[in-house]
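There are 2 protein chains.
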Amino acid sequence: MKWENDEILSMIEQKKYTDVREKIINLNPVHVGEIIESLDVSESILVFRMLPKDLAVDVFNYISSEVQENIISAITDKEIKHIIDELYFDDMIDLLEEMPAKVVKKILQHSNVEERKLINEFLNYPESSAGSLMTIEYVDLKKNMTIGEAIEHIKYTGINKETIYNCYVINEERKLEGIVSLRKLILSDYNLKVEDVMNKDVVYVNTGNDQEYVASLFKKYDIIVVPVVDMEDRLTGIITIDDIIDVIDQETTEDFQKMAAMAPSEEAYLDTGVFTLAKNRLMWLTILMVSATFTGNILKRFEDVLQSVVVLTFFIPMLMDTGGNAGSQSATLVIRSLALGEIETKDFFKVVYKELRVSLITGIALAILNFLRIYFLQGTDFYVSVTICITLLFTVVLSKVVGAMLPIIAKKLKMDPAIMAGPLITTIVDAGALIVYFSIAKVLLHI
Amino acid sequence: MKWENDEILSMIEQKKYTDVREKIINLNPVHVGEIIESLDVSESILVFRMLPKDLAVDVFNYISSEVQENIISAITDKEIKHIIDELYFDDMIDLLEEMPAKVVKKILQHSNVEERKLINEFLNYPESSAGSLMTIEYVDLKKNMTIGEAIEHIKYTGINKETIYNCYVINEERKLEGIVSLRKLILSDYNLKVEDVMNKDVVYVNTGNDQEYVASLFKKYDIIVVPVVDMEDRLTGIITIDDIIDVIDQETTEDFQKMAAMAPSEEAYLDTGVFTLAKNRLMWLTILMVSATFTGNILKRFEDVLQSVVVLTFFIPMLMDTGGNAGSQSATLVIRSLALGEIETKDFFKVVYKELRVSLITGIALAILNFLRIYFLQGTDFYVSVTICITLLFTVVLSKVVGAMLPIIAKKLKMDPAIMAGPLITTIVDAGALIVYFSIAKVLLHI
Numbered sequence: 001m002k003w004e005n006d007e008i009l010s011m012i013e014q015k016k017y018t019d020v021r022e023k024i025i026n027l028n029p030v031h032v033g034e035i036i037e038s039l040d041v042s043e044s045i046l047v048f049r050m051l052p053k054d055l056a057v058d059v060f061n062y063i064s065s066e067v068q069e070n071i072i073s074a075i076t077d078k079e080i081k082h083i084i085d086e087l088y089f090d091d092m093i094d095l096l097e098e099m100p101a102k103v104v105k106k107i108l109q110h111s112n113v114e115e116r117k118l119i120n121e122f123l124n125y126p127e128s129s130a131g132s133l134m135t136i137e138y139v140d141l142k143k144n145m146t147i148g149e150a151i152e153h154i155k156y157t158g159i160n161k162e163t164i165y166n167c168y169v170i171n172e173e174r175k176l177e178g179i180v181s182l183r184k185l186i187l188s189d190y191n192l193k194v195e196d197v198m199n200k201d202v203v204y205v206n207t208g209n210d211q212e213y214v215a216s217l218f219k220k221y222d223i224i225v226v227p228v229v230d231m232e233d234r235l236t237g238i239i240t241i242d243d244i245i246d247v248i249d250q251e252t253t254e255d256f257q258k259m260a261a262m263a264p265s266e267e268a269y270l271d272t273g274v275f276t277l278a279k280n281r282l283m284w285l286t287i288l289m290v291s292a293t294f295t296g297n298i299l300k301r302f303e304d305v306l307q308s309v310v311v312l313t314f315f316i317p318m319l320m321d322t323g324g325n326a327g328s329q330s331a332t333l334v335i336r337s338l339a340l341g342e343i344e345t346k347d348f349f350k351v352v353y354k355e356l357r358v359s360l361i362t363g364i365a366l367a368i369l370n371f372l373r374i375y376f377l378q379g380t381d382f383y384v385s386v387t388i389c390i391t392l393l394f395t396v397v398l399s400k401v402v403g404a405m406l407p408i409i410a411k412k413l414k415m416d417p418a419i420m421a422g423p424l425i426t427t428i429v430d431a432g433a434l435i436v437y438f439s440i441a442k443v444l445l446h447i
Numbered sequence: 001m002k003w004e005n006d007e008i009l010s011m012i013e014q015k016k017y018t019d020v021r022e023k024i025i026n027l028n029p030v031h032v033g034e035i036i037e038s039l040d041v042s043e044s045i046l047v048f049r050m051l052p053k054d055l056a057v058d059v060f061n062y063i064s065s066e067v068q069e070n071i072i073s074a075i076t077d078k079e080i081k082h083i084i085d086e087l088y089f090d091d092m093i094d095l096l097e098e099m100p101a102k103v104v105k106k107i108l109q110h111s112n113v114e115e116r117k118l119i120n121e122f123l124n125y126p127e128s129s130a131g132s133l134m135t136i137e138y139v140d141l142k143k144n145m146t147i148g149e150a151i152e153h154i155k156y157t158g159i160n161k162e163t164i165y166n167c168y169v170i171n172e173e174r175k176l177e178g179i180v181s182l183r184k185l186i187l188s189d190y191n192l193k194v195e196d197v198m199n200k201d202v203v204y205v206n207t208g209n210d211q212e213y214v215a216s217l218f219k220k221y222d223i224i225v226v227p228v229v230d231m232e233d234r235l236t237g238i239i240t241i242d243d244i245i246d247v248i249d250q251e252t253t254e255d256f257q258k259m260a261a262m263a264p265s266e267e268a269y270l271d272t273g274v275f276t277l278a279k280n281r282l283m284w285l286t287i288l289m290v291s292a293t294f295t296g297n298i299l300k301r302f303e304d305v306l307q308s309v310v311v312l313t314f315f316i317p318m319l320m321d322t323g324g325n326a327g328s329q330s331a332t333l334v335i336r337s338l339a340l341g342e343i344e345t346k347d348f349f350k351v352v353y354k355e356l357r358v359s360l361i362t363g364i365a366l367a368i369l370n371f372l373r374i375y376f377l378q379g380t381d382f383y384v385s386v387t388i389c390i391t392l393l394f395t396v397v398l399s400k401v402v403g404a405m406l407p408i409i410a411k412k413l414k415m416d417p418a419i420m421a422g423p424l425i426t427t428i429v430d431a432g433a434l435i436v437y438f439s440i441a442k443v444l445l446h447i
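Chains as they are written, first to last, in full-length UniProt numbering: chain A, 1 to 447; chain B, 1 to 447.
Hints are supplied without guarantee of correctness; some may be wrong.
Because identical chains cannot be distinguished in the list, a pair is counted as satisfied if it fits within a single copy or across any two copies.
[Stated by the list, open to error] Derived SDA-like pairs: lysine to any residue, alpha-carbon spacing no greater than 20 Å straight-line:
id, residue 1, residue 2
1, LYS193, ILE119
2, LYS193, GLY178
3, LYS23, GLU34
4, LYS219, SER65
5, LYS220, GLY33
6, LYS155, ASP189
7, LYS175, ILE136
Calculated from the structure, these hints are not laboratory results.
Please model the complete structure; the sequences and the hints are all you need to start from.
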């Protein structure tokens with residue numbers, strides 16, 4: 001890439017605007033967006049207004065909603081109308097969702113009744129549904145067109161479509177009859193009919209389908225766009241792969257957040273307020289804090305053991321941490337595999353059996369290592385060492401098996417498996433580990 | 001989707017092969033692949049061989065490497081040659097990397113010296129480099145072609161190209177001069193020259209670039225294919241977005257694994273052997289287990305405090321768990337934001353200041369809740385309650401600030417931030433929390 005940003009920024013500083021314009025109109029819209037983002041408000045508006053109309057719309061898509069808001073507030077109604085007309089429908093909906101009410105009002109002034117009805121319909125699709133992701137600018141064809149006619153049709157209507165690489169064949173009721181790629185059209189005999197080359201085994205989604213399901217279809221079928229139909233099977237829109245990549249990132253971020261015991265948030269970290277961040281974290285921290293006091297109660301129940309053999313206390317952090325880490329490993333692998341569709345709930349016993357074996361191997365290895373360290377190197381009492389190592393083995397097995405089971409059970413119960421991650425597993429397993437610890441101690445150390 | 005899989009499976013059982021063939025040739029290759037996957041070895045080969053040649057190649061791409069191996073071992077040399085000739089180059093390289101040596105030999109018999117040289121070159125690109133992801137089937141154009149000529153050129157050469165939606169304009173030395181989309185060509189006047197409509201601000205990558213960087217460009221520029229050039233800036237291949245989605249999933253899975261203290265593995269969970277799984281987990285478990293014993297040593301140092309006020313022991317699990325969870329939350333958010341490019345190392349102080357405020361809010365809230373619970377509800381001694389609550393506040397602040405700092409420091413040191421997640425943070429913060437706990441106890445409880 002040719003990064004001429006610095007050169008252009010210094011031109012702007014020197015107010016050489018003619019030179020700036022000349023340079024800027026040949027740049028990738030993403031780079032123009034970066035330049036505008038780095039300017040102060042008045043300069044950014046100035047540079048934006050010197051862009052040719054079409055570039056202006058492209059650049060508008062690549063700047064932050066903050067700068068978008070500044071620009072919309074400053075430009076003329078005519079300029080706004082041009083941007084609104086040229087934005088793809090899904091991008092306009094995203095814009096309306098981000099802008100404050102007074103800006104939305106300014107934008108909606110420029111749409112007619114019918115458009116406003118359509119906008120309202122789109123704003124009403126549940127967040128993270130296929131309906132909220134789709135755009136309405138697609139190419140539709142009739143099955144009795146020849147390929148030559150179809151290509152002419154694309155040539156004359158394609159300019160405002162988000163993609164022309166997949167075309168949708170519909171009947172008079174707008175029901176989807178087939179799909180044909182531009183590739184197929186270009187590479188076929190122009191005298192054939194569309195129905196001769198169209199694919200009837202169409203992969204499609206409903207407006208109400210969840211975005212995670214939609215993303216899974218893109219992965220499964222290696223497609224770059226999917227048609228969306230309504231309840232009556234009428235074609236209503238398409239979803240393109242650039243939006244799906246955002247969905248994949250967003251769903252993964254949600255999983256990360258849930259797995260670290262937080263309420264998921266869509267906003268970028270630096271854009272999220274301190275109080276929102278605190279609120280997202282407090283609920284789970286409180287639940288887990290209260291649950292952890294049950295573990296404290298177990299210690300209280302075994303107070304006699306603790307007081308007669310104080311050395312047992314010193315190994316509690318090691319046992320708790322190792323249990324937590326071992327459980328976190330299994331839970332993470334299982335949650336991720338469920339998310340990628342590599343394992344399903346029917347694999348429950350296969351997974352549990354696998355984790356049982358893995359936990360026995362790791363547990364025995366850790367127990368032996370630990371015995372060598374605390375008995376031979378540190379000279380800990382033999383029976384205390386044995387108690388610790390047996391507990392260690394038991395803790396690793398328990399936490400790994402529980403860590404693998406809970407996410408699958410959650411999925412079966414239609415809950416989000418990502419909740420059943422490290423923090424919750426740790427809290428659950430801690431209690432079990434301590435009970436075993438003191439029970440073995442009582443027997444082996446005759447307390 | 002029309003799921004006719006069950007119907008077809010029962011036809012296969014009844015050996016109605018003509019009917020099966022008729023049904024199957026109209027299906028999406030992904031569905032045919034699913035049917036073949038569910039059959040036993042001999043049936044799967046039988047069904048595969050009844051597919052028309054072109055469908056066979058498509059289906060071949062959607063079946064597991066195990067079934068691919070069975071099929072290659074069973075079909076004739078001529079059939080193998082057809083598949084090899086029709087597979088895209090990147091898919092063939094993937095196939096060769098998966099197959100055992102004797103199958104690779106069988107495949108390579110059908111390639112000539114030049115092809116074998118090229119294959120070797122591709123097999124030598126480092127794993128997870130742009131070179132290892134690219135394919136060589138792209139459309140190249142010359143800048144002095146008219147658009148009409150360019151479309152004719154695409155029409156005659158496009159059939160074997162992985163994508164025809166982006167075409168690359170190169171000079172005699174194969175150096176990249178520009179890029180033009182099929183969309184632009186179709187929608188332009190056919191008498192214009194390619195150079196009139198091509199885009200010269202080309203986004204491209206080098207064969208040696210890391211796949212994570214390549215994926216970040218796809219996200220930044222909303223592109224569906226990127227050209228790859230060699231050290232001398234000659235066009236050598238292209239990378240398409242379907243491979244990038246796999247890269248995104250793979251990189252995220254690696255992050256999940258590292259954050260849960262495991263060595264990353266590319267294989268799917270169910271395909272990974274028990275010993276490999278155990279090995280991937282043991283190293284970090286051992287390191288963290290040994291580190292956790294330092295926390296035990298702190299308990300030992302404060303043995304006198306523990307013995308005079310045993311009740312302090314009961315709150316150790318709650319303090320440790322809450323610290324671990326609070327740190328894990330911050331570390332996870334920071335690691336994920338770094339991975340998505342939402343924050344950079346230069347944001348260090350901004351992030352730390354933010355976490356300081358968030359941790360004060362959450363810490364104070366948790367401390368107050370906890371005080372209400374243990375002093376008023378459980379009737380714990382006043383000074384013990386105060387000790388616990390101050391420690392809780394301190395632990396939350398320490399773990400959140402450390403949890404936010406370490407991933408950014410790791411990134412600055414060119415290490416993977418994902419290592420600095422929950423497990424490591426917990427181990428580090430535990431020690432600090434306990435030292436503060438007992439130090440405050442000593443003062444407040446006059447021990």
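Each hint, compared with the structure:
Taking CA atoms no more than 20 Å apart as the test, LYS193 paired with ILE119 passes in neither setting, with 36 Å inside one copy and 40 Å between copies. In this homomeric assembly, LYS193 and GLY178 come within 20 Å of each other (Cα to Cα) only inside a single copy, at 13 Å, whereas the closest approach across copies is 34 Å. When the C-alpha separation of LYS23 and GLU34 is checked against a cutoff of 20 Å, the pair qualifies only within one copy, where the shortest distance is 14 Å, while the shortest distance between copies is 53 Å. Proximity of LYS219 to SER65 under the C-alpha cut-off of 20 Å is restricted to the inter-copy arrangement: shortest distance 18 Å between copies versus 30 Å within a copy.
Within a single copy, LYS220 and GLY33 get their C-alpha atoms only as close as 34 Å, which misses the 20 Å cut-off; across copies the closest is 11 Å, which meets it. Taking the shortest Cα distances, LYS155 and ASP189 sit within 20 Å of each other both inside one copy (17 Å) and across copies (10 Å). Taking the shortest alpha-carbon separations for LYS175 and ILE136, only the intra-copy value of 15 Å comes in at or below 20 Å, while the best inter-copy value is 39 Å.
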